[in-house]
Amino acid sequence: DTGVSQNPRHKITKRGQNVTFRCDPISEHNRLYWYRQTLGQGPEFLTYFQNEAQLEKSRLLSDRFSAERPKGSFSTLEIQRTEQGDSAMYLCASSPVGYNEQFFGPGTRLTVL
Amino acid sequence: QQPVQSPQAVILREGEDAVINCSSSKALYSVHWYRQKHGEAPVFLMILLKGGEQKGHDKISASFNEKKQQSSLYLTASQLSYSGTYFCGRIIQGAQKLVFGQGTRLTINP
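Quick mapping for you: the protein sequence lines, in order, are chains A and B. For the first sequence, the working numbering begins at 1 and goes up steadily by one. For the second sequence, the working numbering begins at 1 and goes up steadily by one.
By construction, these hints were calculated from the structure, which means they are not laboratory data.
Pairs of lysine-lysine, DSSO-like flavour, derived with a Cα cap of 30 Å:
id, chain 1, residue 1, chain 2, residue 2
1, B, K68, B, K50
2, B, K50, A, K57
3, A, K71, A, K57
4, B, K37, A, K57
5, B, K67, B, K26
6, A, K71, A, K11
7, B, K50, B, K37
8, A, K57, A, K11
9, A, K57, B, K26
10, A, K57, A, K14
11, A, K11, B, K37
12, B, K37, A, K14
Same shape as in the complex, but just chain A:
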């Protein structure tokens, strides 16, 4: 399977703990996006990378959130001091430069107790 992969698929954590998610985009896709989706809503943009450069960051992304994409390959999204309001599905997508379609991964469902 050469699609976008995300790990873990599910994460349950206690409030105040740190969590890290990983996204492996389709190989050779320069662009990588992170979105958050809550029940009954469309995905909300969090941040975007072109290669290793983080080019855009949503105001939704508080200081507790950080994302990296070392070497322009996989990406990680870390949430520090998790809050119950962070519970959501975190989706990763990738696309090649100059191509508008974004290919989504299966997501990581985070539950903060």
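Model the placement of chain B on the given structure of chain A, informed by the hints.
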């Protein structure tokens, strides 16, 4: 900024047609349509890039009226596999992020 979709939910019998509308208060330069089944990732359906453009494959097509800042998705002779939540999205000018509508839940019954 978020596109507005209507209706919020549709229930059909297999073989019936449906129209899902997407409108924006901001200028629409392109419209993206995705379908998401419960517990799965959104799957790309199509992009409309120019005003007046229409696209389609199988029995799913879409139109884009740039002047009215609207797009519509047409599903004809619906199949059970069409069930899911449909999202339209717009690209923010000068940026790469997609801003999605709130979704339209489509249920197809046999």
